[in-house]
Amino acid sequence: MVATNNPVLAGRIQGFGNSNPPPVQDETAKTVAKRVVNNVGGMLGEEVMLTVQDFKEKGAVGAVKDAVADAGDILIDGVAGVFGWIRGDPPP
1 MVATNNPVLA
11 GRIQGFGNSN
21 PPPVQDETAK
31 TVAKRVVNNV
41 GGMLGEEVML
51 TVQDFKEKGA
61 VGAVKDAVAD
71 AGDILIDGVA
81 GVFGWIRGDP
91 PP
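Okay, so the sequence shown: first residue is 1 according to our numbering, each after it adds one.
Calculated directly from the structure, the hints in this document are not laboratory data.
Heads up, none of these hints are tricks.
Per label pair, the in silico range of CB-to-CB distance:
| id | residue 1 | residue 2 | range |
| --- | --- | --- | --- |
| 1 | 79 | 55 | 23 to 31 Å |
| 2 | 85 | 35 | 27 to 35 Å |
| 3 | 84 | 36 | 28 to 36 Å |
| 4 | 23 | 43 | 24 to 32 Å |
| 5 | 34 | 74 | 25 to 33 Å |
| 6 | 74 | 48 | 17 to 25 Å |
| 7 | 9 | 50 | 46 to 54 Å |
| 8 | 5 | 40 | 45 to 53 Å |
| 9 | 7 | 38 | 33 to 41 Å |
| 10 | 25 | 59 | 45 to 53 Å |
| 11 | 46 | 79 | 23 to 31 Å |
| 12 | 8 | 40 | 42 to 50 Å |
| 13 | 87 | 27 | 36 to 44 Å |
Heads up, simulated EDC-like pairs for lysine to aspartate or glutamate below, C-alpha to C-alpha not over 20 Å straight-line:
| id | residue 1 | residue 2 |
| --- | --- | --- |
| 14 | 58 | 47 |
| 15 | 56 | 66 |
| 16 | 56 | 46 |
| 17 | 58 | 70 |
| 18 | 65 | 77 |
| 19 | 58 | 46 |
| 20 | 56 | 70 |
| 21 | 65 | 54 |
| 22 | 65 | 47 |
| 23 | 34 | 46 |
The beta carbon of each residue, even a glycine, is placed where N, CA and C say it ideally should be.
Based on the provided sequences and hints, a complete structural model is requested.
Written as structure tokens, this is what we have:
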């Protein structure tokens with residue numbers, strides 16, 4: 001960054017990111033924790049919204065059937081991954 005002693009020039013370039021940028025804040029445990037909580041809260045809110053939408057579209061029985069099918073797929077993929085790891089197969 002080039003500093004200038006010319007106040008007119010500094011006034012003209014202010015706001016374009018090359019004169020007196022704001023200081024970058026250090027990441028502390030508090031700022032990281034805030035970001036994590038915000039991200040987790042956003043994900044949970046989105047999942048609740050999608051679950052409500054599934055119940056509206058498919059009804060309770062249809063939504064539960066889809067959830068059971070998805071859980072079965074996750075279980076089968078996990079078991080297949082473990083057996084592949086035991087055999088020495090590369091991960092997918």
